[in-house]
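Trainee: Each chain, written out:
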Amino acid sequence: MNVAPLGLAAATLPGTIPAQRVPVSSGQYLAACRLAWERGGRLAALWASDERQRARGFLVRVALVDEDGFTVLELTLPDADARFPDLTPIFPEANRMQRAVFDLVGVASEGEDQRPWLWLASWPIDRFPLRHDFEASPKWEPGQEEYAFVRVTGDGVHEIPVGPVHAGIIEPGHFRFQIVGEKVLRLEERLGYVHKGIEKRFEALGLAAGHRLAGRISGDSTVAYAWAYAQAAEAVAAQTPPPRAAWLRALALERERVANHLGDLGYLGNDGGFAFGLAQFSRLKEELLRTNLAAFGHRLLMDYVVPGGVARDLDGDHAAAIAAEARRLAADVALLRGIYDEHAGLQDRFRNCGHVSAELARKLGLTGLAARASGSPRDLRCDFPSAPYDVLRVQPSVHGEGDVAARVAVRFDEIAESLRLIAAIVDGLPDGPVREPLPALSRAGLALGCVEGWRGPVLIALDCGPGDTIRRCHPQDASWANWPVLEHAVIGNIVPDFPLINKSFNLSYSGHDL
Amino acid sequence: MFQLLRQIVRTGIRTEPPPATAPVAAEVARLNESVRRTLGRALAIRQVDAGSCNGCELEIHALGNPYYNIEGLGIRFVASPRHADMLLVTGPVAKHMAIALKRTWDATPDPKLVVAVGDCGCNGGVFGESYASLGRVANVIPVDVEVPGCPPTPTALLQGILQAIGRIATSPVADTGVDDATAAGPR
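As you go down the protein sequences, you meet chains G and S in turn. Residues 1 to 514 (our numbering) make up the first sequence, in order. Residues 1 to 187 (our numbering) make up the second sequence, in order.
No wet-lab data here; the hints were simulated from the structure. One or more of the hints may lead you astray.
[Stated by the list, open to error] If the Cβ cut is set under 7 Å, some of the chain G residues that face chain S in the computed set are: (1) S122; (2) P129; (3) L130; (4) A136; (5) K196; (6) E286; (7) S510.
Note that CB positions come from ideal geometry on N, CA and C, so glycine has one too.
So here's chain G without its partners, still in its complex pose (with noise of 0.2 Å):
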């Protein structure tokens, strides 16, 4: 984003995705989150950090995305009374990491909802845990909050709580739905129940240490999440990795991909009372995990990609079983659609259920998969194509119905994708070392990691201090702008419609209460 005509000087910031970063006023924060908005960007990040030790008060940074890049805002408060815009007649979706900024740093917004977010009475609510002088006490038991849920009222309307410990076998998070007969009138979300310290811990590890943590935000895209930690770390340190470590990187993303999709596809035919679906999907999503344990070493990839490079190389047996097994399988999915498709009882169920408009979705910030499945094209992989995408050439898909059906195509337009892909990688993979030494920091400061995840972006954010040091390291999942949406989707539906809808987006509870 060109911010000259708002009188804003920019640096450029190191790395291969192009960003920037640009100190701003208050005053200039608000104009350029309106200029971002109205060229179609969107708000990417917004996270805060404590900076008295270096005398410039508290910095709040907001990262917004748009066709030209990167561009992060960095707006000085001198001390912890000062306010800090409200972006949420711009971004509505801003409204939960402004909160959550107070509960971690202790810098307020000037918004009108000031109630916690990522707090639930673990610890005394004037302590907070990212600034540098937080010391946590042992004393501190952990309590439990009283939290303004907003009430529906009139003839017939009741409430249904859910959580945080949940029917299934899924991660914990509180649902309050108010309903009148089966139809839900709102849906009101209570996350931060996984909340578990993430940025202080990345604060007592060392750059080179980091992409464990990193792999852990969000089991399901833990290559992702470690390939925006080893992106942001390299440029940090200036350092490119190796061409072949590069294309392997994709490889294994790819496979996340298509591993997570196989899962989902597997449980929203289940959710739609086909369990065919769950048997087969979780059968080709086994095999494939057990080629993975096979040729990388871990089942999920956990810890394959290092900042330098990969954990390991890929042989050339794996390589082809790979290829065979790419090919084997997009004949099983491509089967499977078609049983899928014309499966009237899974349609009907499918099909203008947990509808999100394309204009709701922009106005609300949706991204990723469920973004493509309301007729945005944004794909990272296509919009700023890192090595090796940028010989690849990512195909995004698009769906524009924007219902569970629509999100569901672009699952199965994606399996398929991500199967070119892997066979294209397998092909064209270049010889070569697959790792070196992260070089000492050649400066220190912030850089940015964003890499498209099977969910959505993944983004990164890490700011190291001297002796490869970090300072401040904030993740950003997909999931933080699309729960929101989420709570959009599923009014009007019938309450038995709900699993479902939620299958449909599959947010992360762990990616987002850090």
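Since the structure of chain G is provided, determine the placement of chain S on it from the hints.
Mentor: Here is chain S on its own, set in the frame of chain G:
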């Protein structure tokens, strides 16, 4: 419909035998029999995510796929702790989840088993103990069996579950005071 049936026939049965474990495979049947005698029915598991990264959940899900077919062993996952014999808990226990985990444990009828899953459930893992994390599951509720791994494979999970069943089947509580005739009836 024809395609569907053809695919079922073409796929065949993929289920593998359960893993050989400390109480070896040959004993699994005997153990299952003991469980049935002790509990009067199949083992019911309530899974609780107390703060995991969701990696362990992926592998717990895998237990249900045709290869491991956990239901074929007479083990099933239930929706309420009140219906459960065993809690399968992943961690680290987030402080925000501590109360919910304790309540879930309280709601599970005796005799109950707890299996802590994953490196985080066993020792806090990469997250450790902090202002927001209480670390291992045993720091919050009593644990019978720990299954390490990041995440543990479905085979390791199955071994852990079978090991825990072995405990209940051979524990003095299970051996005394339970009359076969009453135990076999509905509970």
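Trainee: Now look at each hint and say whether the structure bears it out.
Mentor: Taking the hints in turn, this is what the structure says about them:
Of the supplied interface hints, the one on S122 of chain G holds, with its beta-carbon coming within about 4 Å of a beta-carbon of chain S, less than 7 Å. Taking 7 Å as the C-beta cut-off, the interface hint given for P129 of chain G holds, the closest approach to chain S being about 5 Å. Violation of the interface hint for L130 of chain G is found here, the shortest Cβ-Cβ separation to chain S being roughly 10 Å, above the 7 Å cut-off. The interface hint given for A136 of chain G is met, as the beta carbon of that residue sits about 4 Å from the closest beta carbon of chain S, less than 7 Å.
Against a cut-off of 7 Å between C-beta atoms, the interface hint on K196 of chain G holds, since the closest Cβ of chain S lies about 4 Å away. Given hint, E286 of chain G at the interface with chain S, holds; its Cβ is 5 Å from that chain's nearest Cβ, closer than 7 Å. Given the 7 Å rule on beta carbons, the hint for S510 of chain G holds: about 5 Å separates it from the nearest Cβ of chain S.
The structure is inconsistent with hint 3 alone, although it conforms to all the rest.
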